[in-house]
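In order, the protein sequences belong to chains A and B. Going by the working numbering, the first sequence opens with residue 1370, and the numbers climb by one from there. Going by the working numbering, the second sequence opens with residue 539, and the numbers climb by one from there.
It should be emphasised that the hints constitute simulated quantities derived from the structure, not laboratory data. Be careful, since some hints might not be right.
When the alpha-carbon atoms are kept at most 35 Å apart in a straight line, the in silico DSBU-like pairs for lysine-lysine are as follows [to be verified]:
1. A:K1666 / A:K1426
2. A:K1545 / B:K564
3. B:K883 / B:K859
4. A:K1666 / B:K753
5. B:K626 / A:K1666
6. B:K641 / B:K626
7. B:K829 / B:K753
8. B:K654 / A:K1494
9. A:K1597 / B:K626
10. A:K1634 / B:K638
11. A:K1414 / A:K1586
12. A:K1686 / B:K882
13. B:K760 / B:K734
14. B:K883 / A:K1666
15. B:K734 / A:K1545
16. B:K564 / B:K638
17. B:K879 / A:K1454
18. B:K626 / B:K638
19. B:K893 / B:K882
20. A:K1597 / B:K882
21. B:K829 / B:K760
22. A:K1383 / A:K1454
23. A:K1545 / B:K753
24. B:K888 / A:K1494
25. A:K1597 / B:K883
26. A:K1406 / B:K654
27. B:K734 / B:K753
28. A:K1406 / B:K883
29. A:K1383 / A:K1666
30. A:K1686 / B:K888
31. B:K882 / A:K1454
32. B:K879 / A:K1414
33. A:K1414 / B:K888
34. B:K753 / A:K1494
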Amino acid sequence: MSFIAIDIGGSSIKSCRVEQNGGRFRLASQVCTTPLKLNEFSEIKDVVLGICRKELKDGADSVIGISTCGSVDNAGVVINDDHFKNYCNISWSDLLVREFGDVRVCTVNDGRASAWGEYSVAATKVVTHVHVVVGTGIGGGVIHNGELLSGDSGQAGYIGHIKVAPLETPICGCGKMGCVESLASARGIVAMYVNYSGSDRRLPVDVDFGNLLCRFKEDRQNIVDALKKSGYWLGVALGNVMNVLNPQLVTIGGGVVVATNNVVKDNSLGENPYFMGVNEGIHYAAYHRVETTGVVKVGVLGNTAGLLGVASLAFSKVCRPNLKE
Amino acid sequence: MVKSTKISSVCVVIVERDWCKMYLGKVTAQGELIEEPVELVFINERDWYTVDREGVAAQDESIVESVDLVKWHSPEVMNLNTTLLFDKIVQEINAVCEEKNVKFDSVVVSMPGTMKDNSELVTSSRLDITSLPTPFPVSSFISEKLGGIPVRIINDVECMLLEAQTSLIATATQHETIYYIIVDEGVGAAITIDRKRYHGAAGVAGRISRLVVEKRGHFYHKFAQSGLLEYYASRPWISQHCVEGYEFDCQTQNTTPSKTTKFKELLQRQYENNDQRGLTFEELSVGVNDKDRIALTCFNEAAEYLGIALSYIITIINPHKIFLAGRLITDIDNFYDDVLKSAKKMTWPKAWDEKIFTKRPNARDDQVRGALRFAMIEK
């Protein structure tokens, strides 16, 4: 059986076909990445419809898994997203059924989808597994006893909105100050870099995370400092997550992780400065026994965790709804 | 299925830092209380000290002098002599059985700390039992000395949670994830996830007293961390901050501030006695009712930091219900409302729902009743 898996991120949409065979999920086609430019829902909609149209025409089964940024309620409706204009109260299921007729759609928050993806491939299944995704924003999910924790209003695990420095940060997309997302995401790292480089004239006006890393050789020290400091704030947030949940395993994934690891490799750095910061932050915030009993490591699926996770969830929720995830 | 009609007599022992209480409760096999628990013994602070000094003296004369100076619950004494605490409990249970002519079917010891399998004590920083080489086998230790009666131990806040959870079941409301927080002499908490008690990898999940809420905060030697919630939102520390505020006023004004209110008199008393953490709940309440600037500042700070901690919990696990209990919550005017206001201010709006909060009026009643239920329903 093959699924259409779509991952709507803050700066691009990734898609591919995922196959399920004997309970295992694997990417069955190359991941296609479509950059987003307008920050508007209409653009997302056009891209998603285009992907589905093509895949259905090419013979994919009519099950579509959508992993998306923004808050998603327990019924799979995107309540809102702070990043894209008009992306609120959107039911992808209603929209795609209207467009394509007999399709089955499962919509999940991207942090949760990635968490499920990482949990699914983990060699050892632990009781409590926390996964955090660092990309344009910061998301995450908590798996407890083999199930995604959803919480009262379906908002458990939105780690990006943990307050780590309430008085010192720009206002987050959620309208509050001090969210770890505004300090440790790709956007947060760029802001941190601008802060470190001060009135540096070499800084392009439209600096973003991608071209920031391209400048690594030119401005190594400021970039390393920014990565360390941003990582530190993520570590503080994770330390407090660990204090609350005392999990056995914490994994970190997402675009920032992949990109910074590439920079480390390309520049023969001994250690990823972002993770040095993360470890320092965890050490600062986590209670000693919590820190020593929880393993923190990089996720194994890189940028594909959301795609595999949402395909697996679609299989459980849409194809076998009575089956426990 | 036919329900067992057997009624058991359960002895509940509530162990605190400075006192201990014992109760008798009658419980059905299904964990239903058939009458209100009866308090049998209250051992006050003074008796705790005396007995342990005697106990230590019996074992090691050389420790006695230091015990007189540093009180019985210094870590050195407690880690070496944890048995003393439980010996004293055995002694009291035997005495009460004889005096009141009662017989127990089982014993539950409810105390602060981390337990393993509800039978061994791993650590209890509140009781200053912090570095036991191996977990202390409380259940078998007491059970053997009581002729084989089943004995189990449970964390104090878990008992409170168990009782609060039972009250929800009675209303037939579905609450899968529940958090119980007590804000009192310290800050304690317990969680259920999927309606089961949740302990985490090291048995310390949910301990929000250790949440870092102020990155530039005071370094707390006991836990080797800075900016912990307990430093801002527990009675001893709020008392200390109030007395420090008074001390600061004295120094900056270069004279003793004029005693215009009862609370100022209390602050001056604590300052002169060099007992910064000694203001009671009632005395702190006087400061709030007097609208004393120092008291209000300290309580505002406590509410703000407790709000931050609640925002963490809501963001991370988005619980279906949060119970807030303890004397700071119930006895200090407006504190509960201020905590909720602060939590709302700090929490991601999508996850905020004020309806999940419930104030529990008497945490200690919850503890006793929860311990009785635990004796039967979670065997």
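Now for the hints, and whether the structure bears them out:
{"no.": "1", "hint": "A:K1666 / A:K1426", "result": "violated (40 Å)"}
{"no.": "2", "hint": "A:K1545 / B:K564", "result": "violated (51 Å)"}
{"no.": "3", "hint": "B:K883 / B:K859", "result": "holds (19 Å)"}
{"no.": "4", "hint": "A:K1666 / B:K753", "result": "holds (24 Å)"}
{"no.": "5", "hint": "B:K626 / A:K1666", "result": "violated (47 Å)"}
{"no.": "6", "hint": "B:K641 / B:K626", "result": "holds (18 Å)"}
{"no.": "7", "hint": "B:K829 / B:K753", "result": "holds (29 Å)"}
{"no.": "8", "hint": "B:K654 / A:K1494", "result": "holds (22 Å)"}
{"no.": "9", "hint": "A:K1597 / B:K626", "result": "violated (53 Å)"}
{"no.": "10", "hint": "A:K1634 / B:K638", "result": "violated (76 Å)"}
{"no.": "11", "hint": "A:K1414 / A:K1586", "result": "violated (38 Å)"}
{"no.": "12", "hint": "A:K1686 / B:K882", "result": "holds (33 Å)"}
{"no.": "13", "hint": "B:K760 / B:K734", "result": "holds (31 Å)"}
{"no.": "14", "hint": "B:K883 / A:K1666", "result": "holds (33 Å)"}
{"no.": "15", "hint": "B:K734 / A:K1545", "result": "holds (33 Å)"}
{"no.": "16", "hint": "B:K564 / B:K638", "result": "holds (15 Å)"}
{"no.": "17", "hint": "B:K879 / A:K1454", "result": "holds (30 Å)"}
{"no.": "18", "hint": "B:K626 / B:K638", "result": "holds (18 Å)"}
{"no.": "19", "hint": "B:K893 / B:K882", "result": "holds (12 Å)"}
{"no.": "20", "hint": "A:K1597 / B:K882", "result": "holds (31 Å)"}
{"no.": "21", "hint": "B:K829 / B:K760", "result": "holds (33 Å)"}
{"no.": "22", "hint": "A:K1383 / A:K1454", "result": "holds (19 Å)"}
{"no.": "23", "hint": "A:K1545 / B:K753", "result": "holds (18 Å)"}
{"no.": "24", "hint": "B:K888 / A:K1494", "result": "holds (30 Å)"}
{"no.": "25", "hint": "A:K1597 / B:K883", "result": "holds (29 Å)"}
{"no.": "26", "hint": "A:K1406 / B:K654", "result": "violated (55 Å)"}
{"no.": "27", "hint": "B:K734 / B:K753", "result": "holds (33 Å)"}
{"no.": "28", "hint": "A:K1406 / B:K883", "result": "holds (33 Å)"}
{"no.": "29", "hint": "A:K1383 / A:K1666", "result": "holds (24 Å)"}
{"no.": "30", "hint": "A:K1686 / B:K888", "result": "holds (24 Å)"}
{"no.": "31", "hint": "B:K882 / A:K1454", "result": "holds (25 Å)"}
{"no.": "32", "hint": "B:K879 / A:K1414", "result": "violated (38 Å)"}
{"no.": "33", "hint": "A:K1414 / B:K888", "result": "holds (23 Å)"}
{"no.": "34", "hint": "B:K753 / A:K1494", "result": "holds (34 Å)"}
Hints 1, 2, 5, 9, 10, 11, 26, 32, counting from the list given before, are not met by this structure.
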